[in-house]
Each structure stands twice: as structure tokens, then as C-alpha cells.
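Engineer: From just these sequences and the hints, can you work out the full model?
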Amino acid sequence: MGATVRMLFASRRFTLSLALLLAVVALGLLGPLVSSRDPLLMSGGMFEAPSREHWLGTDNFGRDVFTQLLYGTRTSLYVGAIAGLVATAIGVAVGALAGYRGGWLDEMLMGLTNVFITIPSIVILILVSVSLRTRTATIMGLVIGLTSWPWTARAVRAQTTSLKTREHMDVARLSGLSTPRIILFEILPFMFSYIFMAFILQFFGGLMSEATLSMLGLGPFQTVSLGVMLQWALLWEAVRVGAWWAFLPPVFFLTVTSFSLMSLNASMDEFFNPRARDRSARAGARAVARLREVAPHAEAGDEPAPDALLACWQLHAAYVSPGLPPVWAVNGVSLAVRPGEVLGIAGESGCGKTTLAHLLACHLEPPLYLLKGQIRVAGRDPLTLSPERLRREVRGELVAMLPQGALNALNPTRRVGALAVDVVREHHPELTRREVLDQARRRFEHLGLPAAVLDQYPHQLSGGMKQRVVAVLSTLLNPRVLIADEPTSALDVTSQRAVLDLLRRLLEEGIIQSVVFITHELPLLQQVAHRIAVMYAGRLVETGRVEEVLAGPQHPYTQALVRSVLAPEPRRGRARVEGIPGAPPDLRELPQGCAFAPRCGVALDRCRVEVPPRFRSGDRDAWCWRLLEEGWLPAPVAGRRGLPPGDG
Amino acid sequence: MRTFRRYVLAKAGWYLLALLLAMALNFSLPRLIPGNPVTVIVSRTVSGDFPAESLERIYTTYVREFGLDQPVHVQFLTYLAGVLRGDWGTSFMLYPAKVRDLIGQALPWTLALQVPSILVGWLLGNLLGAVAAYTGGRLDTGVLTASLLFSNIPYYGLAIILLYLLAVQLPLFPTGGGYTFGSLPNLSWTFLADAARHHALPFLSLVLVSIGGQAIGMREMALYEVSADYVQYGKMLGLSDRKLIRYVFRNASLPQITGMALSLGTMVAGALVTEMVFSYPGIGSLLFTAIRQSDYPLIQGITLLVSVAVLLANFLADLLYGLVDPRIRAAQRGER
Ligand code: SF4
Numbered sequence: 001m002g003a004t005v006r007m008l009f010a011s012r013r014f015t016l017s018l019a020l021l022l023a024v025v026a027l028g029l030l031g032p033l034v035s036s037r038d039p040l041l042m043s044g045g046m047f048e049a050p051s052r053e054h055w056l057g058t059d060n061f062g063r064d065v066f067t068q069l070l071y072g073t074r075t076s077l078y079v080g081a082i083a084g085l086v087a088t089a090i091g092v093a094v095g096a097l098a099g100y101r102g103g104w105l106d107e108m109l110m111g112l113t114n115v116f117i118t119i120p121s122i123v124i125l126i127l128v129s130v131s132l133r134t135r136t137a138t139i140m141g142l143v144i145g146l147t148s149w150p151w152t153a154r155a156v157r158a159q160t161t162s163l164k165t166r167e168h169m170d171v172a173r174l175s176g177l178s179t180p181r182i183i184l185f186e187i188l189p190f191m192f193s194y195i196f197m198a199f200i201l202q203f204f205g206g207l208m209s210e211a212t213l214s215m216l217g218l219g220p221f222q223t224v225s226l227g228v229m230l231q232w233a234l235l236w237e238a239v240r241v242g243a244w245w246a247f248l249p250p251v252f253f254l255t256v257t258s259f260s261l262m263s264l265n266a267s268m269d270e271f272f273n274p275r276a277r278d279r280s281a282r283a284g285a286r287a288v289a290r291l292r293e294v295a296p297h298a299e300a301g302d303e304p305a306p307d308a309l310l311a312c313w314q315l316h317a318a319y320v321s322p323g324l325p326p327v328w329a330v331n332g333v334s335l336a337v338r339p340g341e342v343l344g345i346a347g348e349s350g351c352g353k354t355t356l357a358h359l360l361a362c363h364l365e366p367p368l369y370l371l372k373g374q375i376r377v378a379g380r381d382p383l384t385l386s387p388e389r390l391r392r393e394v395r396g397e398l399v400a401m402l403p404q405g406a407l408n409a410l411n412p413t414r415r416v417g418a419l420a421v422d423v424v425r426e427h428h429p430e431l432t433r434r435e436v437l438d439q440a441r442r443r444f445e446h447l448g449l450p451a452a453v454l455d456q457y458p459h460q461l462s463g464g465m466k467q468r469v470v471a472v473l474s475t476l477l478n479p480r481v482l483i484a485d486e487p488t489s490a491l492d493v494t495s496q497r498a499v500l501d502l503l504r505r506l507l508e509e510g511i512i513q514s515v516v517f518i519t520h521e522l523p524l525l526q527q528v529a530h531r532i533a534v535m536y537a538g539r540l541v542e543t544g545r546v547e548e549v550l551a552g553p554q555h556p557y558t559q560a561l562v563r564s565v566l567a568p569e570p571r572r573g574r575a576r577v578e579g580i581p582g583a584p585p586d587l588r589e590l591p592q593g594c595a596f597a598p599r600c601g602v603a604l605d606r607c608r609v610e611v612p613p614r615f616r617s618g619d620r621d622a623w624c625w626r627l628l629e630e631g632w633l634p635a636p637v638a639g640r641r642g643l644p645p646g647d648g
Numbered sequence: 001m002r003t004f005r006r007y008v009l010a011k012a013g014w015y016l017l018a019l020l021l022a023m024a025l026n027f028s029l030p031r032l033i034p035g036n037p038v039t040v041i042v043s044r045t046v047s048g049d050f051p052a053e054s055l056e057r058i059y060t061t062y063v064r065e066f067g068l069d070q071p072v073h074v075q076f077l078t079y080l081a082g083v084l085r086g087d088w089g090t091s092f093m094l095y096p097a098k099v100r101d102l103i104g105q106a107l108p109w110t111l112a113l114q115v116p117s118i119l120v121g122w123l124l125g126n127l128l129g130a131v132a133a134y135t136g137g138r139l140d141t142g143v144l145t146a147s148l149l150f151s152n153i154p155y156y157g158l159a160i161i162l163l164y165l166l167a168v169q170l171p172l173f174p175t176g177g178g179y180t181f182g183s184l185p186n187l188s189w190t191f192l193a194d195a196a197r198h199h200a201l202p203f204l205s206l207v208l209v210s211i212g213g214q215a216i217g218m219r220e221m222a223l224y225e226v227s228a229d230y231v232q233y234g235k236m237l238g239l240s241d242r243k244l245i246r247y248v249f250r251n252a253s254l255p256q257i258t259g260m261a262l263s264l265g266t267m268v269a270g271a272l273v274t275e276m277v278f279s280y281p282g283i284g285s286l287l288f289t290a291i292r293q294s295d296y297p298l299i300q301g302i303t304l305l306v307s308v309a310v311l312l313a314n315f316l317a318d319l320l321y322g323l324v325d326p327r328i329r330a331a332q333r334g335e336r
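Line order of the protein sequences matches chains A and B.
Going by our numbering, the first sequence opens with residue 1, and the numbers climb by one from there.
Going by our numbering, the second sequence opens with residue 1, and the numbers climb by one from there.
Warning: the hint list may mix true and false statements.
[Unchecked claim] Calculated lysine to any residue pairs in the SDA-like style (CA-CA distance at most 25 Å, straight line):
#: 1; chain 1: B; residue 1: 235; chain 2: B; residue 2: 220
#: 2; chain 1: A; residue 1: 372; chain 2: B; residue 2: 235
#: 3; chain 1: B; residue 1: 235; chain 2: A; residue 2: 384
#: 4; chain 1: B; residue 1: 235; chain 2: A; residue 2: 38
#: 5; chain 1: B; residue 1: 11; chain 2: B; residue 2: 305
Rather than coming from a laboratory, the hints here were simulated on the basis of the structure.
This structure is a prediction, so every number in the text was calculated from the model and none was measured.
Structural biologist: Now the structure itself:
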């Protein structure tokens, strides 16, 4: 809690809006105490311009506008606060009860809530205000609060239903706590920030409603509020007379107050809503440049074979957000994929596999930054292309991606056929819609997918079908390389096989020439890949032909991986990579030396100090100091360094 | 289709309930005023010397209209029947003018002002919000701050400022009214041009405020969409930003349709007050006068009209949403 508050105050938007709000509140609270005038008594002539006597002039009855402003601010804030409190209290009670209890009570309460939401509250407010014999500020606040709670009720209900599924709730229920107690002690505390934000919104709404009602002539009796001031100005034609001092100050104060409230709300939303937070965290160019300095230079002799279709060398990439330590996701990876080849990339999750996939697919977006290294796709350097040419000539054309979680990769409101048209015409605008659809139909049928899916929406497809559709869409433009990121995880065995068959088919037909297949399941790679590269903590640890690596893994990490797969696994024969004791290192703080050392059973002293270089035997590479003893030779490179740990 | 019909019926049921509730509120208004409403009304309306027999006539008119001699539930039914027949009562301040006719005169002005400004504001605001969310960075911050500022100048505040700046200080636009004082509404070009000049400022002020509010809502919706897998996948396939913004806009604006319908109540309220500021001859100005004169039948008529309009718009938005979004259509058909 304390830490949260401290971090909130680090947000500039939050502190500024809070300061603004507090200033207005202080003015409303203290102002009337220091002013000696009465806002409702005449103290000068009609519409006198601002002077030393009357700082903001006088209104049509010769009353002091500045005094009115002080008192008016106080009344408006008071009405808004009462309305906000009442509405939040009712809304939270109704919403939490409905969300927690569920069932018929939920349906009834929410039905009622929705009915109240659809009746325009201004109508209720007008009708009630007209009928009231006395309208004090307190009564107005109450009435406004009584009409505006449904919004909060709805939002709180949604929050409660999602909180309800959490574990500690079961414990509370089982321990026999009563409903009100559970709501009060187990649910509401977790929604504190949320409720506060709801109150801010209701406060804002109350302020606005008071002003609207007052302008309509339904404001508080015998008092001045900001809305009442505006009504007077309107009634006595202050605007057309040009007496700006009578109407600009109340407008300004209303605006400033509501701006500070809404801005406060937005800043808190930015803070508590992680999606918004990620976006606000974009790295400055300077931070990235500094990291580039730190990243080691490419080694000689690392350039890939000239016949490689897709190659990278000495790639260093990190997620950089201001105020947070960089995440070193890829630390000096060199790879090459030759035509006709399937390269498998394996490793536990959190090893930088997906990041590498995005780099290879030339998909670089903040907060991911490429710090060092080179990429070649079919002999071209995508990093030197303009974003527009990169998009048009490389992505989808030369290299395409079959993304992880492809289940949501299709735009839910667009038919598959329309998506195909979008993809193809983006690169070949000369084709007509019809031509593309015909082409797509033939391609789908050729690959054994029913052409009818072109007329369907994504939600009408099964998970396995969706994955295959995505694969076909990705390869519509006949890209040279397909990068498949965990294409079969989350699928059942039959669908897995169908996807693998499809990939094989795409290769055989020459639609694509190479595949980079990323997975954490080694047995899969045995089926599809020719060569394999094992990653750990953003670095390669071993590469080689798939049969050789799996039959005789050399690196302790690969050995552990293979062993964990072979370990009998009762459920569905799935590999359990978690079988390796310990967890991959935090990519924000890579250990010095070999990243695997903390989990390695055979680590040497040297391992904890120096990053192991590449050792080579035949066409197999591995990065482990132990291999020196086995007679492997270090690759002919000098001065290889890892990233200085903890630096930056 | 059968399930869609069930969806429509269920929605219609809830809206009917809301309508009944709104009517009940309307019905109870004059009855909440302490004392016999008719006596209060007549004594308030008619001051000065009035022939006894016309006083008598006024009195009986209202007693009959309210059905005060009957029990409450009969009164309510009488009221419902009257409303449905289009008999919305008789105005106090302009006796014996019918409420229906007074509203009928003002309504075209209000429609001409509110419908286009709400639609234009919705479209521009949503576009701006989607672009801001998609592009991110400085543009996003700028749009957010500007929208926060604009949507937080209260409707009438902006109206007053525009009126002062563009009509009083710089006499570019007329200072109020729907047409030049003294001319008679007709369909000639000169009159229409004159009306358009009077229309411009209130229109502008309504559009500006609703752009801000819509942009904020849209930006929030679009943020969810922008981080969705399908946008990332589109980027990897080389789809252009323009295309992806269109995806995001469409998918985020579907819920924004109902969002707009729900905020309609607030928008209409703001628009009514804006009319007052510009003395625009619509429902808002009529309401302002009615409230000042305690013309209860007229207030009742206007609030009823506003509730019916907002409820109807909400109902239509719900139907439209159900028709347009394939996901909802599927849910209605029971597919997955
Ligand atoms: S370098 Fe050392 S710590 Fe790393 S895997 Fe080899 S033996 Fe283990």
C-alpha cells in the first residue's frame, strides 16, 4: 500500500492534478472565512468592471463577484462531494452484493441498475427538484447521488465477480464468514483504488449535475454556487453586455475543478491498468544509445555462410523502459537457416525465444530495442530499410510469422476471406478483391482446408482450424522463411499433427523454403527439425543436427532438458521441462559468467566468472567450459565477452 | 433468428419497464407538490383580475386533466391513456396552448441542432481516440490532455465562452436566437441561410465538447484492441498502419455505439442548456422558461419527451450492436 502510494506520487500527471484539486478545495474551504463581504448583498453599482474595490467586479445587482466565487466554489464542491459519497456508497453496496451473491439477486439488481442507467438522470433530477419545497445544497447533493449510483454499481459488480474467483475468497467462504463480512473485509480492500476512482468520477458527475440544474433555475435556494452564478449571468445578459468578469470566473473554476478530477482519474487508471502503464513506458533514445555502448562488438568469424536464407549474428536486444532495469532478452545470438531447412529453437519459457522470433521476423517495436547485431533476409539487410519498405517488401513477403497464441491472431470482426484480401492487397494493390479471393480459395483447397472457412468469422473456427488458417494466411505471399513460435502448444494431439502436416506440406510444395520452429517441447523438434539450437537466458548454449544433439547432448543444460523429457510423465505423455531443478535466471540480472552455473551440477570455478566461449566439434557448437576438457576447441575468436552483469 | 427475436423481446421488456418507470415519475411530479395541485397552479398562473367564469373554466380543465377526483391508480391510467393519445395537457403559462403544440414547434430546432452535432462529434472523437491509441507517444499524450481539457469545460461553459468571443467580442456570429428577430420561419433560401448562421455557434460548441468525451472513451477502448494479438499479427504480415487503425476503430467502436447511447442522457442535458445560452428556440429554451414559470404540464411534457427519445435511442443502439457485431450474433445463435 505505502509503496503503491509512493509510486503514484512519482507520476507527474497524478501529482499535478492532485495539487490542482487541493488548491481549489482549499480556496472553497478557506476563502469564505477570509472574505468580509456577503455574496448576496449589494456592495456596488451594476456590472462594475474589476477594480481594487471589487477584484472581479460586480454582477447585475452590484454584488461582489469575487466573494460569490469563493462561496460558490464551496457550495459546488460540497454538492459534488455529497453526491459522490452517496452514489459511491450505494453503487458499491449494490455492485458488491450483486457480484458476490450472483444468481437471481444479481440478475434482479443488475436489471434494476440498467433500467436506472437508461432513464436519463437529468429527467429525474428536474422532476424531483421541481417538486421539492426547499432545495438546500445538502438535499441537492443527496438527490444527485441517488440518481447516479448505477454506473458505479455496474463497474463494482464486474470487479467483484472477477475478484470472487481468487483463492483467498474460497478460504474466507469455507471459514464461514457472513456475506457482509466477506464483502467488507475480503473484497472491498482489494478494490480500494478502484472505489476511490469511482468516487472521483461521481464527484465530477455531481459537480456537473449541480451546475446544469442551477443553470436551469433549479439550484439551491438562498445560496450561491458556480452554476447559480452562471444562471444569473445568463438571466441578466452579462454575456451580451460584455461583463466577462461575471461569467468567465465561474466557468474557469468549474473547468479547473473537473479537469483536475478527471485528470486524477486518468493518471490513476494509467497506474493501475497495466496496459496503459506499458504504453506510457517508452524508452528515451538516450537510454537505448547508452545500452548500445555497453553491448559487446560483433566477433570476427561469426558471419554466416553466404548461402543462408535467414541469418543473424551477434544479436543483442533488450526491453527498455524508463525507470525500470532493462530486460536482457537476447544476448549475442548468431544463427543461420539454409534453404530447405527447418531450424528448431528450444528452451524453457523465459529464455528469449519469442523475442528472438520477433527479431528474426523483423518486428521491432518499443519497448523492444535491437542494441547490436546484424540480420540478413535473403541477402538483404532489413535494418537499413525505411519502415515503409520494411513493411511492404520484407514482412509477409520474405519472412512471415506464425505467432504464439495464434488463437487470437485473427481480427474477430472480419471474415477469413476479407483478411486474406487485406494481406495480399497490402503488398499487391494491383490485384482485385475477386482475384485474391480466387487465389486464396485455390490455396486453401490445395492445402486441404475447406474453402468454406473463407466465408467464416474466426469465432466460428475450432482452435486447430484457426491455427491452420493462420498458417495459410501467413504464407499466402509465399514468404521464403516462416517463423513459427510455439505453433502447436495449446492444441490437442490431433490438431497438433494437422498443423505439423500442414507445415511439412508448405515446405514440400515450395510455398516456403525454410522454417524456424520455436518450441519448449523437444520431442516435437525431433519430428520436424533438421537442426536445433538450444537457448538459455538469451544466449545459445548448443547447436547441431537434431539427431546428434538429442542423442548425445553435450551442454549440461541440454542434457537436463533431454533427461526431463525422458522422465516418465504420467499425464498425456507431455514433456515436463520443469523437471530441471531451479528456474531460469531473471533476465534483468544475469549472473556473471555462465548463466546456467547456479543450476549446473558440474560447474567449475571458472564458470561463475567467465562466460564460456563457443566450442566446436565437427559441425556442432556448444558454449560450456567443461568441453575444454573433452578436447573440444574454442572457436577461433578472441575477446568474447558477455554483457557486463548488473551494468545499466 | 428465433434466438435473435428472443434477444429483442428481452431487451424490449427491460426498456418497457424503464419507460413505465419514467412515466410514473412524470405522473407523480405535480402530485408531489404540497396541497391540491390545481388550486396551487391556478392561483400561481392567474394573477390579477380574471373573470370568475373563466377561472372556473381553467379550474375544471385541470381537474379533468389530472383526474383528481379519482383514486391514484385510475389517475395513472388516465394519464397513460392521455399520453398515448397524444394529449399531453395544457400549458399554464400560455393557457390555453396545448403542451403538444408548444413542443411540436420547438422540436425541429432541437433536432436540427442535436442530431448532427452528436453524430459529427461521435465520429470525429472516435477517430481521434483510435488514432491516438494506435500511434501512442506524444500524439497520444497530446490528444488525451486536450480531450480532458475540452470535455471538462462544461457544455454551457464552452457555449458561453464561444458566444462571448465569437459573437460579442468579434461579431462574426449572431448573439442568439434561431433566426433574425422579426423574420418569419419559412423555407426560402434567405431564411435558411440566416438560420444556418444562427446554427453555427451552438453546433460548434456541442461538437467540440462531445469530440473530447468520445475521444477519451474511444482511446481507452482502442488501447485494449491495439495490444490485441490480431494487431501484432497484422503488423508481422506487413499490414499498413492505416489498415490496422481501421481494424482497431471498427472493433473498438462497436461497444462505443452503446457507449454513446448511454451517454446520450448527459449529452442531451448539455445540449438543452447550450440552447438556453444561445436563446435557441428549441426544447432547452422552452424548458428554461417553463421551469421559471412553474409550468408543470410543460415541464412534464418535455421530460417525458426526453426520456422517450433517450430510451428509444438506447434500444435502437442495442439492436444495432446485436446486428453488427458477429460475435454477439453468434452468441445469440448459441454458436461458439
Ligand atoms: S559452463 Fe560451467 S556452469 Fe555453464 S554449463 Fe558448462 S559446466 Fe555448467
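Engineer: Given the hinted pair residue 11(B) and residue 305(B), is their alpha-carbon gap at most 25 Å?
Structural biologist: Distance of about 20 Å is within 25 Å: holds.
Engineer: Within 25 Å, alpha carbon to alpha carbon, are residue 235(B) and residue 38(A)?
Structural biologist: Judged against 25 Å, a Cα distance of about 65 Å means the pair is violated.
Engineer: Run the distance test for residue 235(B) versus residue 384(A): straight-line Cα separation, threshold 25 Å.
Structural biologist: holds (18 Å)
Engineer: Given the hinted pair residue 235(B) and residue 220(B), is their alpha-carbon gap at most 25 Å?
Structural biologist: holds (21 Å)
Engineer: For the pair supplied as a hint, residue 372(A) and residue 235(B), is the alpha-carbon distance within the 25 Å limit?
Structural biologist: Holds. Residue 372(A) to residue 235(B) sits at ~23 Å (cutoff 25 Å).
Violated hint for the displayed structure: number 4, the only one.
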